[in-house]
Amino acid sequence: METKNILLVGVGGQGTITAAKLLTCGLMASGYDVKMSEIHGMSQRGGSVSSQVRYGTDVQSPVIEAGTADIIVAFEKMEAMRYLNYLKQDGKVIVNDKEIWPMPVIIGKAEYHPDIIGELKKLADVTVIDASKLAIDLGNEKVTNVILLGAIIKAMGLDHIDWDQIIQDNVKEKFVELNQVAIRKGMDLV
Numbered sequence: 002m003e004t005k006n007i008l009l010v011g012v013g014g015q016g017t018i019t020a021a022k023l024l025t026c027g028l029m030a031s032g033y034d035v036k037m038s039e040i041h042g043m044s045q046r047g048g049s050v051s052s053q054v055r056y057g058t059d060v061q062s063p064v065i066e067a068g069t070a071d072i073i074v075a076f077e078k079m080e081a082m083r084y085l086n087y088l089k090q091d092g093k094v095i096v097n098d099k100e101i102w103p104m105p106v107i108i109g110k111a112e113y114h115p116d117i118i119g120e121l122k123k124l125a126d127v128t129v130i131d132a133s134k135l136a137i138d139l140g141n142e143k144v145t146n147v148i149l150l151g152a153i154i155k156a157m158g159l160d161h162i163d164w165d166q167i168i169q170d171n172v173k174e175k176f177v178e179l180n181q182v183a184i185r186k187g188m189d190l191v
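For any residue, its number in the working numbering is found by taking its place in the sequence shown, counting from 1, and adding 1.
Possibly wrong hints are sitting among the right ones.
[What the hints assert, rightly or not] Below, in silico cross-link-like pairs of lysine-lysine (BS3-like), each with a Cα-Cα straight-line distance of 25 Å or less: (1) LYS89 - LYS22; (2) LYS5 - LYS175; (3) LYS36 - LYS89; (4) LYS5 - LYS93; (5) LYS89 - LYS134; (6) LYS22 - LYS122; (7) LYS186 - LYS122; (8) LYS155 - LYS122.
Source of the hints: derived by calculation from the structure; they are not laboratory data. Source: prediction; values computed, not measured.
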């Protein structure tokens with residue numbers, strides 16, 4: 002099987018790494034060779050966070066090269082634009098319709114682009130999901146990451162894996178049911 006490349010990008014505190022770990026657990030349980038890496042510089046202060054997940058029959062490296070990602074899932078709009086150079090020519094972008102201002106914007110040294118979604122759509126195949134609002138509707142904004150994980154699963158054709166079991170094995174018992182609902186919600190959106 003050809004190696005598939007999934008890039009998850011967001012801002013510190015959005016659960017990007019947790020989503021990547023759940024994805025990795027599911028892929029490994031299904032028998033894929035999986036490599037995962039993460040970068041989270043200054044994530045505690047709202048900095049950029051990215052996780053790279055590669056899976057297939059025999060994966061040699063955890064690092065996705067520029068221009069080779071099958072899918073980019075952005076937990077925040079500007080992060081989608083920041084990592085767009087990783088997308089392969091026929092790749093897909095899923096974007097959470099969420100705006101988190103970086104420090105230069107907060108202190109008035111820069112402006113947040115007024116139409117990032119519009120710019121992204123000029124450059125790639127983009128699906129916009131308001132995962133944060135859906136998570137709030139489910140009762141907990143923290144499951145935004147699991148809704149986006151569900152979108153990845155559907156977009157990559159990984160819905161044959163028992164994700165309910167993966168969540169049960171990796172999430173605190175009191176949050177299992179909520180996360181199982183959230184992952185199915187994300188799968189229904191793509």
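Satisfaction of hint between LYS134 and LYS89, Cα-Cα up to 25 Å: violated (29 Å)
25 Å Cα cutoff - pair LYS155, LYS122: OK: LYS155 and LYS122 at ~21 Å, within 25 Å.
Hinted pair LYS186 and LYS122, Cα distance within 25 Å: Between LYS186 and LYS122 the Cα gap is close to 24 Å, so the pair holds against 25 Å.
Pair hint outcome, LYS5 versus LYS175 [Cα-Cα no greater than 25 Å]: violated (33 Å)
Holds or violated: LYS36 to LYS89, with C-alpha atoms at most 25 Å apart: Holds. LYS36 to LYS89 sits at ~19 Å (cutoff 25 Å).
Restraint status (C-alpha distance of LYS89 to LYS22 at most 25 Å): Satisfied, since the Cα-Cα distance of roughly 23 Å is no more than 25 Å.
Satisfaction of hint between LYS122 and LYS22, Cα-Cα up to 25 Å: violated (29 Å)
Satisfaction of hint between LYS93 and LYS5, Cα-Cα up to 25 Å: Holds - the C-alpha atoms of LYS93 and LYS5 are around 12 Å apart, at most 25 Å.
Of the numbered hints stated above, those contradicted by the structure are hints 2, 5, 6, listed in ascending order.
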